[in-house]
Amino acid sequence: MTEKEFICVVCPNGCPIKVRYEEGNSPKLISVEGARCPRGKSWVKQEIENPMRTFSSSVIVSGGDFLEVSVRLTKPVPLAKIFEVVAEIKKIRLSAPLEIGDVVLSNPAGTETEVIVTRNVPLNAK
Amino acid sequence: MKYRFNVLIIGGGVVGNAIARELSRFRMTVALLEKESDVGMETSCRNSGVLHSGINYEAGTLRAKLSVSGNAMMDKLCSELKVKIKRIGKLTTAIDENDLPGLKRLMEQGTANRVPDLVILNNHEMQKIQPGIEGIAAIWSPTSAVISPYGLTIALAENAHANGVEYFLKSEVLTVKKDESGKFTVTTSNGEAFSADILINAAGLSSCRISGLAGVNEGNNGESLKIWPCRGEYFVLDNRLDGTLKTLVYPVPGAKDAGLGIHLTPTVDGNILIGPSAEYIPEETPEDYRVTAPVLEDLRREAHKLLPDIKMSDFIRNFAGNRPKLTPPAEGGNADFIIEETKSLNGFINLIGIESPGLTSAPAIAEKVRDIVSKHIPLEEKEKFLAECSGFAGHFSDLSKEEQERLIKLEPEYGEIICRCEKITKKEVRDAIENSLGARTLASIKYRARNGMGRCQGGFCTPRIVRILRDEYGFTPEDYVLREAGSNLFTGNVMKGKD
Amino acid sequence: MIREKHDLVIIGGGPAGLAAAAAAKETGCNDILLIERDRILGGILNQCIHDGFGVHAFNEALSGPEYADRFIQKIRGLSIQVMDKTIVLDLSKDKVLCVSRMGEIKEIKAKAVVLAMGCRERTRGALAIPGHRPAGVYTAGTVQNLVNLENIMPGKHVVILGSGDIGLIMARRLTLEGAKVEAVFEVLPYSSGLQRNIQQCLEDYGIPLHLSTTVIDIYGPKGRLEGVTVAQVDDERKPVKGTERFVSCDTLLLSVGLIPENELTREAGIVMCDVTQGADVDDRCMTKLPGVFACGNVLHVHDLVDFVSMEAERAGKSAALYVAGKLAISGKEIPVRPGKNVRYVVPQRIKQGDEVSLAFRVTSPMRDRIIEVCDGGSVLMSRKEARMHPAEMVWVDMGKLDIGKIDSLEVRVR
Numbered sequence: 001m002t003e004k005e006f007i008c009v010v011c012p013n014g015c016p017i018k019v020r021y022e023e024g025n026s027p028k029l030i031s032v033e034g035a036r037c038p039r040g041k042s043w044v045k046q047e048i049e050n051p052m053r054t055f056s057s058s059v060i061v062s063g064g065d066f067l068e069v070s071v072r073l074t075k076p077v078p079l080a081k082i083f084e085v086v087a088e089i090k091k092i093r094l095s096a097p098l099e100i101g102d103v104v105l106s107n108p109a110g111t112e113t114e115v116i117v118t119r120n121v122p123l124n125a126k
Numbered sequence: 001m002k003y004r005f006n007v008l009i010i011g012g013g014v015v016g017n018a019i020a021r022e023l024s025r026f027r028m029t030v031a032l033l034e035k036e037s038d039v040g041m042e043t044s045c046r047n048s049g050v051l052h053s054g055i056n057y058e059a060g061t062l063r064a065k066l067s068v069s070g071n072a073m074m075d076k077l078c079s080e081l082k083v084k085i086k087r088i089g090k091l092t093t094a095i096d097e098n099d100l101p102g103l104k105r106l107m108e109q110g111t112a113n114r115v116p117d118l119v120i121l122n123n124h125e126m127q128k129i130q131p132g133i134e135g136i137a138a139i140w141s142p143t144s145a146v147i148s149p150y151g152l153t154i155a156l157a158e159n160a161h162a163n164g165v166e167y168f169l170k171s172e173v174l175t176v177k178k179d180e181s182g183k184f185t186v187t188t189s190n191g192e193a194f195s196a197d198i199l200i201n202a203a204g205l206s207s208c209r210i211s212g213l214a215g216v217n218e219g220n221n222g223e224s225l226k227i228w229p230c231r232g233e234y235f236v237l238d239n240r241l242d243g244t245l246k247t248l249v250y251p252v253p254g255a256k257d258a259g260l261g262i263h264l265t266p267t268v269d270g271n272i273l274i275g276p277s278a279e280y281i282p283e284e285t286p287e288d289y290r291v292t293a294p295v296l297e298d299l300r301r302e303a304h305k306l307l308p309d310i311k312m313s314d315f316i317r318n319f320a321g322n323r324p325k326l327t328p329p330a331e332g333g334n335a336d337f338i339i340e341e342t343k344s345l346n347g348f349i350n351l352i353g354i355e356s357p358g359l360t361s362a363p364a365i366a367e368k369v370r371d372i373v374s375k376h377i378p379l380e381e382k383e384k385f386l387a388e389c390s391g392f393a394g395h396f397s398d399l400s401k402e403e404q405e406r407l408i409k410l411e412p413e414y415g416e417i418i419c420r421c422e423k424i425t426k427k428e429v430r431d432a433i434e435n436s437l438g439a440r441t442l443a444s445i446k447y448r449a450r451n452g453m454g455r456c457q458g459g460f461c462t463p464r465i466v467r468i469l470r471d472e473y474g475f476t477p478e479d480y481v482l483r484e485a486g487s488n489l490f491t492g493n494v495m496k497g498k499d
Numbered sequence: 001m002i003r004e005k006h007d008l009v010i011i012g013g014g015p016a017g018l019a020a021a022a023a024a025k026e027t028g029c030n031d032i033l034l035i036e037r038d039r040i041l042g043g044i045l046n047q048c049i050h051d052g053f054g055v056h057a058f059n060e061a062l063s064g065p066e067y068a069d070r071f072i073q074k075i076r077g078l079s080i081q082v083m084d085k086t087i088v089l090d091l092s093k094d095k096v097l098c099v100s101r102m103g104e105i106k107e108i109k110a111k112a113v114v115l116a117m118g119c120r121e122r123t124r125g126a127l128a129i130p131g132h133r134p135a136g137v138y139t140a141g142t143v144q145n146l147v148n149l150e151n152i153m154p155g156k157h158v159v160i161l162g163s164g165d166i167g168l169i170m171a172r173r174l175t176l177e178g179a180k181v182e183a184v185f186e187v188l189p190y191s192s193g194l195q196r197n198i199q200q201c202l203e204d205y206g207i208p209l210h211l212s213t214t215v216i217d218i219y220g221p222k223g224r225l226e227g228v229t230v231a232q233v234d235d236e237r238k239p240v241k242g243t244e245r246f247v248s249c250d251t252l253l254l255s256v257g258l259i260p261e262n263e264l265t266r267e268a269g270i271v272m273c274d275v276t277q278g279a280d281v282d283d284r285c286m287t288k289l290p291g292v293f294a295c296g297n298v299l300h301v302h303d304l305v306d307f308v309s310m311e312a313e314r315a316g317k318s319a320a321l322y323v324a325g326k327l328a329i330s331g332k333e334i335p336v337r338p339g340k341n342v343r344y345v346v347p348q349r350i351k352q353g354d355e356v357s358l359a360f361r362v363t364s365p366m367r368d369r370i371i372e373v374c375d376g377g378s379v380l381m382s383r384k385e386a387r388m389h390p391a392e393m394v395w396v397d398m399g400k401l402d403i404g405k406i407d408s409l410e411v412r413v414r
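Line by line, the protein sequences give chains A, C and V. When we follow the working numbering, the leftmost residue of the first sequence carries the number 1, and every step to the right adds one. When we follow the working numbering, the leftmost residue of the second sequence carries the number 1, and every step to the right adds one. When we follow the working numbering, the leftmost residue of the third sequence carries the number 1, and every step to the right adds one.
It is worth saying that the hints were derived from the structure and are not from the lab. It is possible that some hints are incorrect.
DEER-style ranges, computed between Cβ atoms [stated by the list, open to error]:
(1) A:Glu5 - C:Thr476: 46 to 56 Å
(2) A:Glu49 - V:Gly399: 36 to 46 Å
(3) V:Gln73 - C:Phe392: 40 to 50 Å
(4) V:Glu236 - A:Asn107: 46 to 56 Å
(5) C:Ser189 - A:Asn124: 38 to 48 Å
(6) A:Glu5 - V:Ser382: 27 to 37 Å
(7) C:Lys311 - A:Glu5: 32 to 42 Å
(8) V:Glu26 - A:Asn107: 39 to 49 Å
(9) V:Pro189 - A:Asn124: 19 to 29 Å
(10) C:Lys246 - V:Lys109: 28 to 38 Å
Using N, Cα and C, we set each Cβ at its ideal position, and we do this for glycine too.
Using the sequences and the accompanying hints, generate a full structural model.
Following this line, the structure appears as structure tokens:
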């Protein structure tokens with residue numbers, strides 16, 4: 001059984017929350033102390049049992065004003081699957097022109113998210 | 001590959017290059033071997049950049065004679081090579097009565113050395129030159145000046161090259177032999193061999209190693225040929241302090257001081273240097289250029305004492321240089337230059353122990369070496385010697401707005417700024433990249449164009465330089481090298497293109 | 001020399017400059033020139049590909065380029081003139097700018113100027129870390145630029161000095177791109193980054209954060225970094241003997257502070273504030289040089305771009321009013337001072353008193369405190385705050401203030 005202290009990020013209060021949980025492949029929350037609202041409690045439960053994350057990455061582009069285009073996830077994915085998702089993103093090759101919001105990958109590694117372009121990449125004039 | 005030259009110069013510092021340029025006036029084939037990726041990478045780019053007047057050296061020594069005559073040659077040389085020089089003079093200061101005997105001695109020495117226009121000033125007169133200066137008296141030497149030591153070295157090299165001297169960079173000398181015909185054969189680290197009638201050893205910190213390879217372990221007067229590297233660390237201060245120091249201010253040196261003491265030096269580009277320290281380091285590692293915590297603390301303390309208004313953010317960089325001293329730690333002080341054709345090996349010219357005032361003396365040393373060479377090779381002046389370099393001294397940002405406007409119309413790239421802190425233009429960066437010696441490291445660009453030498457230390461210009469080298473010169477990530485082989489900046493791409 | 005005239009010139013096309021330009025146009029100024037030195041607008045946001053931008057402004061968690069694009073589209077829609085790839089070489093007291101670009105150097109005379117030049121990073125040289133000076137030592141922002149815009153990996157085995165957000169973000173970025181980030185070292189006894197980033201950039205990846213520890217030596221005798229020596233520090237930030245250890249790495253990232261880029265400001269003789277390192281301004285973002293305004297990171301280093309935009313909108317609006325002759329220049333001014341537990345307050349003066357917003361930072365992390373804004377003995381406003389941290393700028397809206405009835409303001413935390 002492990003103890004850990006979090007600082008909740010749901011609202012600016014930043015309540016310090018102490019949790020006790022069982023480690024292992026499927027961590028289980030045992031007790032929560034310090035959350036001032038139910039949102040904090042459910043956030044910390046998610047954090048222990050199945051933390052979800054968004055992240056940004058980049059994909060190589062040909063024929064554009066930039067060598068690479070930045071992308072991000074539209075929905076959080078399980079932390080445990082991040083490197084799998086990154087690997088799928090890295091397989092992609094894109095060509096200009098690209099616009100913010102273009103979907104370049106859907107449901108990578110069986111997750112529910114989409115991967116979208118976050119920078120406009122016009123065609124290289126040369 | 002075997003090369004054949006009349007004269008081979010080993011060592012591409014300011015002295016080796018001054019010799020190369022001088023010899024390039026005459027009909028003879030000359031080559032220069034330099035072990036680093038560019039000229040001037042060791043001692044020549046790591047000093048205060050001061051041209052000394054000559055008062056500090058014992059009368060009758062080479063240091064005294066060559067510094068005085070070298071100093072006198074600098075205006076013409078800098079004008080020809082388009083190198084910026086500022087004759088700001090020096091106040092060698094006696095803080096209190098205890099310094100007065102030393103001051104008197106220096107004045108006598110300077111007079112004996114025929115240093116021009118020396119005069120002793122009282123504090124009132126000192127204040128007129130440098131307001132706020134402390135001290136009861138000072139020697140004013142108007143011929144003292146500041147210059148860019150790497151700028152001069154590079155200009156000498158590129159002019160020598162334009163006049164026919166062949167340059168071999170990244171070529172470390174491995175063996176030196178003399179064959180029966182009397183010619184020298186030299187082999188280098190990249191598997192090349194050179195044959196020459198005359199060999200000039202201007203290898204600075206490595207000069208005794210080279211001399212040893214040639215079998216010469218003693219000077220003509222029996223001196224033991226061993227270099228004792230003595231490190232000097234510096235802080236570079238922000239050029240917002242430009243103008244604080246109107247002149248060089250040095251303390252009266254002690255007899256056993258290994259250097260000239262920690263002081264403030266205004267540079268020709270508007271920075272202030274604080275240093276150098278003086279610390280002997282192990283002879284096995286003459287190129288250990290680390291900066292150390294205790295010395296940095298000393299330098300900081302001195303800086304705060306000498307410049308009460310200084311801020312933490314004014315300290316922008318550190319560097320270190322190693323003096324190639326002939327005097328061991330127990331002795332301290334300085335030995336005279338050794339510049340001689342060795343008795344034991346005809347045609348082998350040794351230059352050993354050229355520490356300060358080596359920069360000042362360089363053009364005079366070159367003439368002395370030329371005279372030695374003339375005993376073997378008749379000096380026939382070339383008809384077409386290109387004495388003058390094109391362009392302007394200093395940087396584009398030094399020019400008047402009218403001149404800038406005019407030049408931008410001819411060369412649009414003078415309008416695009418690459419280094420924001422020092423206002424260095426793309427044209428200057430391009431000229432630096434395309435230097436005639438073929439040196440393509442980031443340091444080579446920096447020493448020529450001065451980008452990256454400002455307060456942001458390359459934060460702004462680095463991505464721009466990276467882009468230029470990639471888009472306009474085809475650099476891949478592995479091609480970016482800082483200075484020496486192995487100092488790669490990057491390990492590769494984030495992502496590769498088409499597989 | 002070519003001389004141009006504009007009513008309003010804005011120096012910098014990053015988030016501050018963009019928001020100021022849009023606000024100025026919307027306030028009725030039609031002759032605006034936005035000068036940007038890069039080939040694209042957006043400033044530092046272009047390399048900040050992580051999300052978290054716009055939570056306050058748009059109620060969305062956007063990446064930097066997306067946030068910038070909202071404003072770029074806006075100024076395009078407003079037909080605001082942009083001069084890109086252009087650097088301002090100097091700014092005079094008379095609001096004459098000398099600018100330089102490919103093929104051209106010219107002077108621009110402005111009625112009003114908005115300074116939005118952003119900031120630069122503190123360097124290794126400024127920290128004077130002993131040791132060699134090999135390849136492989138970078139500031140975090142430079143690596144962010146190279147990795148996110150130029151497809152270049154600086155190294156494989158990374159140590160980060162400084163737990164500011166840039167360092168934390170890059171710890172994650174480099175890890176996701178296949179590098180091994182050994183650790184983050186922080187000289188203070190607390191991290192200067194957002195808690196969210198400590199969790200999501202370090203803890204998620206098992207990257208340790210060592211507080212009260214700093215790099216005391218850089219080792220790279222053969223030209224490329226081979227490792228650093230770290231040591232714990234005492235209360236005076238001096239290394240503690242016996243705690244030194246060597247950490248192998250080929251890359252050292254420095255995330256050790258941002259410095260507002262005020263070269264032009266200083267050269268124009270504009271009065272600065274020592275603590276913020278930015279200009280001394282009033283509640284209209286005007287500096288002590290009438291007609292010159294400052295906003296964004298060049299005024300004081302921000303942590304949320306949403307507040308940069310807010311501040312810049314105020315500067316742009318004020319600059320437009322100034323051009324139209326509708327901004328009071330003389331008259332009573334009340335000083336604003338930082339009190340107990342407050343490191344600085346911006347603005348440093350109140351002149352107008354309409355919609356006053358005070359931005360400040362606390363001196364150390366604190367919990368369950370009360371913010372008070374006082375005029376001498378009387379408390380004009382107080383607010384409870386559960387959590388405050390030096391890394392998180394705090395805003396206090398004072399609404400309308402009657403300048404006539406106030407002598408001075410002090411912001412303190414008890």
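Tested hints:
Evaluation of the 46 to 56 Å hint for glutamate 5 (chain A) and threonine 476 (chain C) yields a pass: the beta carbon distance comes to about 47 Å. Taking 36 to 46 Å as the suggested C-beta distance range, the pair glutamate 49 (chain A) and glycine 399 (chain V) conforms, at roughly 45 Å. The hint said 40 to 50 Å for the Cβ distance between glutamine 73 (chain V) and phenylalanine 392 (chain C), and at roughly 45 Å that hint holds. Distance hint for glutamate 236 (chain V) and asparagine 107 (chain A): a CB-CB separation of about 54 Å, consistent with the stated range 46 to 56 Å.
For the pair serine 189 (chain C) and asparagine 124 (chain A), the supplied restraint of 38 to 48 Å holds, since their beta-carbon distance comes to about 43 Å. In this structure the hint that glutamate 5 (chain A) and serine 382 (chain V) lie 27 to 37 Å apart at CB holds, the actual value being about 30 Å. In this structure the supplied range 32 to 42 Å holds for lysine 311 (chain C) paired with glutamate 5 (chain A), their Cβ-Cβ distance being about 39 Å. For glutamate 26 (chain V) paired with asparagine 107 (chain A), a C-beta distance near 42 Å keeps the hint of 39 to 49 Å intact.
Taking the beta carbon of each, proline 189 (chain V) and asparagine 124 (chain A) are about 49 Å apart, not inside 19 to 29 Å as hinted. Checked against the given bound of 28 to 38 Å, the beta carbons of lysine 246 (chain C) and lysine 109 (chain V), roughly 34 Å apart, stay inside it.
Violated hints amount to a single one, hint 9; each of the other numbered hints is respected by the structure.
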